[in-house]
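K.L.:
Please build the complete structure, drawing on both the sequences and the hints.
Going down the list, the protein sequences come from chains A and V.
Per the working numbering, the first sequence runs over residues 5 to 269.
Per the working numbering, the second sequence runs over residues 7 to 315.
It is worth saying that the hints were derived from the structure and are not from the lab.
Please note: incorrect hints may appear among the correct ones.
[To be verified] Distance windows between CB atoms, simulated: (1) A/ALA130 x V/SER143: 38 to 48 Å; (2) V/SER143 x A/ASP45: 51 to 61 Å; (3) A/ALA130 x V/GLU99: 28 to 38 Å; (4) A/GLY187 x V/ALA295: 53 to 63 Å; (5) V/THR67 x A/SER185: 23 to 33 Å; (6) V/ASN18 x A/SER195: 41 to 51 Å.
[Said to hold, decoys possible] Pulled from the structure, derived: some chain A residues nowhere near chain V, Cβ distances all over 12 Å: (7) TRP38; (8) LEU65; (9) ALA188.
Note that the Cβ used here is the ideal one computed from N, Cα and C, for glycine as well.
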Amino acid sequence: MNSQLLPLLRNELAKAVRRKLPYFGIGVSGLLCWIIYLVADRVSSAASANAWGYIGFTMQLVFNDIGLIFLLVFSTMLLAEETGTGTIRAALAAPVDRWELYLAKAVTGLLYMVVLSTAVLLFAGALSKIHYNFGPVGDRFGVVYSRGMAARVFLMATLLSWIPLTALVMYGLLISTLIRSSGAAVSVGISTIYLIDFTKHLVGLDPYIFTKHIGYPWIVLQQAAQGVDFQWQPEVWKLLGLCSAHAVICFAVGLVIFLRQDLNE
Amino acid sequence: MSTATPALEIENLTKTFGRIHAVDGLSLAIEPGQMAGFLGPNGAGKSTTLFMIPRLVRPTTGRIRVFGLDIWRDFKRAVRPVGTMVETPAFYEYLSGRLNLELTARLLAGVSARDIDEILERIGLAERQHDRVGTYSLGMKQRLGIGRAMLGRPRLLVLDEPTNGMDPEGTQELLEFLRGRVHADGLTIFISSHLMSEVEEFCDTVSVINRGRLVAAGNVKEILRPHENIVRVTFAGAAPEADSLARGDHIQQVSVLAPDTLEITLARGDAAWLNDHLHQSGFRISALAPKRKTLKEFFLDITGDKRHE
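P.N.:
Below, the structure written as structure tokens:
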């Protein structure tokens with residue numbers, strides 16, 4: 005029989021667009037963009053340097069807190085809500101392999117990540133157009149980075165920022181397979197990620213936790229926006245390696261658990 | 007005996023949760039075109055068994071085949087002709103009834119919008135199809151669950167307590183509808199229920215499990231065949247004294263059910279002999295029939311004692 009991945013993905017999207025949570029996440033993130041816009045010149049020299057700096061600062065701030073929370077909430081609810089309410093039984097009683105459903109859930113989480121990230125970029129881009137410009141980056145001696153160069157750094161930062169966020173979504177999905185009620189899964193997902201984040205320095209785990217890389221691409225963009233020398237390497241390799249490993253491990257462990265789970269509760 | 011491939015074949019099925027044997031070496035077969043009842047006390051393992059058919063629960067040992075296809079080796083093909091409703095049906099409450107059906111329909115090849123219209127019409131939810139499921143009553147959700155199980159024209163329906171929360175009229179209507187599908191379309195239905203009268207009235211066969219084990223299985227009419235040696239007699243006028251009858255080799259015991267009705271247990275002979283005997287003794291009889299066992303009595307006979315073993 006043919007793969008059911010596409011129909012499952014259509015189903016997931018049909019459900020997601022009818023929920024309030026994804027829109028609420030986008031709305032709250034947009035509000036945060038507006039607040040940052042109002043206070044940008046008081047909190048960061050990079051944020052008020054130009055549009056690139058404002059976007060870099062806004063993205064770093066949004067996805068270190070509010071965006072991270074909404075992505076976690078969305079991804080931890082993907083399976084936990086269905087196992088909690090029992091709707092997963094109807095989905096799996098159809099001719100569907102469990103891995104197909106799991107993969108469709110993972111793709112849905114990633115799509116929301118891209119949508120939320122793009123929405124915040126659009127908000128930030130629209131707000132920055134009011135006051136700042138997307139021109140070349142310069143200092144008092146002239147142009148340091150051309151507009152094209154700045155745009156390339158921006159594009160690179162955008163793409164790289166999705167890698168730690170992918171690890172975050174997979175972490176949420178793993179929690180979602182382990183805990184069979186959406187409320188408990190969301191609580192555990194958020195509390196553990198903050199617990200890890202707050203204690204990683206104390207116990208020497210900082211180099212091994214992917215959350216440290218969530219803001220990194222945007223910090224580089226802010227450096228470029230201020231006309232200072234910026235370096236992608238060697239940190240970018242650590243970002244790629246560590247975040248990819250986290251994403252793959254969380255996805256694989258969650259999948260194995262889901263494949264073996266009894267869904268009679 | 008039928009040589010057709012069974013619609014559902016369960017072979018030596020076992021499921022343990024820790025030290026608890028929820029299902030213990032269960033084997034049964036349901037022939038195509040039958041409505042088969044599945045009975046058992048609470049916690050007997052009925053739902054766990056039904057959960058294992060669409061692989062929602064992994065069996066510890068044993069096999070399940072649907073129309074000859076092993077559900078663990080060939081899941082998608084095996085489960086395609088199966089419509090399932092296990093436990094209280096769950097829905098996406100924030101979606102309409104129709105959209106809930108459409109989500110399932112997308113996973114079953116060949117289900118058109120017209121098929122969904124037809125199902126909604128049959129289950130009496132056509133007018134409420136665009137309302138959110140969260141606004142439906144329990145009975146409506148139950149009907150929607152059955153509608154969902156009927157999508158894709160299944161050849162085997164697996165239903166767990168399908169009439170839960172439905173009013174008597176709705177229950178009767180639904181069971182008559184299902185029975186009609188068995189006759190008209192050759193549908194096979196495997197139905198678990200607490201309501202003995204439902205199973206007795208509508209099912210062809212019944213399987214009874216207790217503590218995860220099959221304790222009885224067979225044709226409902228066979229199981230409930232009348233007791234040849236227990237006869238209920240209604241007299242025209244007052245019944246004779248019980249002691250006056252319970253003499254001799256033939257009559258073993260007499261119980262008074264009502265002033266004009268006795269239940270007579272025969273040691274020898276049958277209802278015809280008793281009729282002659284009473285007539286010759288000068289009694290006027292208005293009704294005489296062998297006692298018919300109800301499914302409830304049968305069920306309690308075979309599960310009641312064993313529950314406290």
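K.L.:
What are the numbers of the hints that this structure violates, sorted from low to high?
P.N.:
Those not satisfied: there are none.
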